[in-house]
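**Q** Residues per chain are reported as follows:
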Amino acid sequence: MNQILFFAGLREQAGEESIELDVNGRSIGELKQTLSSRYAIDKVKESMAAVNEEFVQDEEIIKEGDTIAFIPPVSGG
Amino acid sequence: MNQILFFAGLREQAGEESIELDVNGRSIGELKQTLSSRYAIDKVKESMAAVNEEFVQDEEIIKEGDTIAFIPPVSGG
Amino acid sequence: MGKNYWISDKPLVIQEVVDLVTRRNAGAINTFIGTVREFTKGKRTLYLEYEAYKAMAEKKLEEIGHEIKEKWPEAETAIAHRVGRLEITDIAVVIAVSTPHRADSYEASRYAIERIKEIVPIWKKEHWEDGEHWIGDQKETKQGIPAKGDASK
Amino acid sequence: MGKNYWISDKPLVIQEVVDLVTRRNAGAINTFIGTVREFTKGKRTLYLEYEAYKAMAEKKLEEIGHEIKEKWPEAETAIAHRVGRLEITDIAVVIAVSTPHRADSYEASRYAIERIKEIVPIWKKEHWEDGEHWIGDQKETKQGIPAKGDASK
Numbered sequence: 001m002n003q004i005l006f007f008a009g010l011r012e013q014a015g016e017e018s019i020e021l022d023v024n025g026r027s028i029g030e031l032k033q034t035l036s037s038r039y040a041i042d043k044v045k046e047s048m049a050a051v052n053e054e055f056v057q058d059e060e061i062i063k064e065g066d067t068i069a070f071i072p073p074v075s076g077g
Numbered sequence: 001m002n003q004i005l006f007f008a009g010l011r012e013q014a015g016e017e018s019i020e021l022d023v024n025g026r027s028i029g030e031l032k033q034t035l036s037s038r039y040a041i042d043k044v045k046e047s048m049a050a051v052n053e054e055f056v057q058d059e060e061i062i063k064e065g066d067t068i069a070f071i072p073p074v075s076g077g
Numbered sequence: 001m002g003k004n005y006w007i008s009d010k011p012l013v014i015q016e017v018v019d020l021v022t023r024r025n026a027g028a029i030n031t032f033i034g035t036v037r038e039f040t041k042g043k044r045t046l047y048l049e050y051e052a053y054k055a056m057a058e059k060k061l062e063e064i065g066h067e068i069k070e071k072w073p074e075a076e077t078a079i080a081h082r083v084g085r086l087e088i089t090d091i092a093v094v095i096a097v098s099t100p101h102r103a104d105s106y107e108a109s110r111y112a113i114e115r116i117k118e119i120v121p122i123w124k125k126e127h128w129e130d131g132e133h134w135i136g137d138q139k140e141t142k143q144g145i146p147a148k149g150d151a152s153k
Numbered sequence: 001m002g003k004n005y006w007i008s009d010k011p012l013v014i015q016e017v018v019d020l021v022t023r024r025n026a027g028a029i030n031t032f033i034g035t036v037r038e039f040t041k042g043k044r045t046l047y048l049e050y051e052a053y054k055a056m057a058e059k060k061l062e063e064i065g066h067e068i069k070e071k072w073p074e075a076e077t078a079i080a081h082r083v084g085r086l087e088i089t090d091i092a093v094v095i096a097v098s099t100p101h102r103a104d105s106y107e108a109s110r111y112a113i114e115r116i117k118e119i120v121p122i123w124k125k126e127h128w129e130d131g132e133h134w135i136g137d138q139k140e141t142k143q144g145i146p147a148k149g150d151a152s153k
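For the record, the sequence lines run as chains A, B, C and D. In terms of the UniProt record's numbering, the first sequence is residues 1 to 77. In terms of the UniProt record's numbering, the second sequence is residues 1 to 77. In terms of the UniProt record's numbering, the third sequence is residues 1 to 153. In terms of the UniProt record's numbering, the fourth sequence is residues 1 to 153.
If a hint is listed, it holds; no wrong ones were tucked in.
Calculated lysine to aspartate or glutamate pairs in the DMTMM-like style (CA-CA distance at most 20 Å, straight line):
no., chain 1, residue 1, chain 2, residue 2
1, D, 10, C, 19
2, C, 10, C, 87
3, A, 45, C, 118
4, C, 125, A, 46
Just so you know, these hints were derived from the structure itself, not from any lab.
Using the sequences provided together with the hints, build the complete structure.
**A** If you want it as structure tokens, here you go:
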């Protein structure tokens, strides 16, 4: 299983802080596609992604147990 | 009369924090000359001068009651 | 505290951040303090809410410290960022950088705030009289990993 | 305190200087803190002594504040400088500048420290293991009045 985290405006769109999905072997790009089309969380498209707290590209392949976070445009400082 | 103030290395050379001299009508340049030749305070030559707490040039004419300060190279901060 | 980079839901104390970088071989400490401003382009903010992906945000702050160390080997850096509800004039972020000489302290501190705005997963929501909105300043809004050192200019 | 520019023989408190420039319309506060460094070019400092022409120094600090206001009309500035004996890591100067946006706070703060080193009648004497010496960083060492804005670059 994989935990998927949402933050800020993306969290509000998702209606959840996190969900669990088995996406082992899928790419981040594919997961974005799924979240956007099946769950209507289309803000993932403008978000960066992190796996286990490190930024990754859409090509990154998800492994069992990875935590995936979607990072909408940041605005700290 | 005029009060003449010395600071830092210049004060140490003068041996005094201040002296009183009547230099009404003289220029700052002339005063530097006097201090340097008659009182052996030659560091005034590398110093800026202030009259009543404002920087002035050597051409400035001193008036009765003016306070003259000699400002060696500053090193605050 | 034990560490130089942290996210907190408590008010930030400038002196605590400065203390972490004060040392015998530094002659200069630059601090940047980000506060909540009331008006932005004529629009009045009532208060802000900050949210962070805490574990990752602390890691990324520390990573900024490492980037600074690469660019300015003699610099010491500490950064604290607050989350939760902040009122006008409250402190959102405190950066402190100490260096032997002053020019580096300014440059490294500036580098830190620019990088925070690029790579640290923290978000603010503005609350106005007529609504609210999550703000995204991020330079990199498309997919991709923020490049190291893009902020240096 | 009642004023934003002062010379003190007491330890400087960063927060007090920052408080003077904190306001609802500032989103950024930059502070520069000058501390006593132990080693300069391999030479060990034991302690420093700072001396000021106090009345004129406070006037000149205020003048720097006015120069900043001309260049950055929305900036608020406060500067405190300490005199007397200072030990290693003690704070000699605290500058705080608040502005609506961050870039100006860095630039104005930098301007302030450069101008302090040009026009404010304050001197430091270094005490080393083998002697002591009054330091003169001043850019204008010949006769003449330091020009306004020479520090801006």
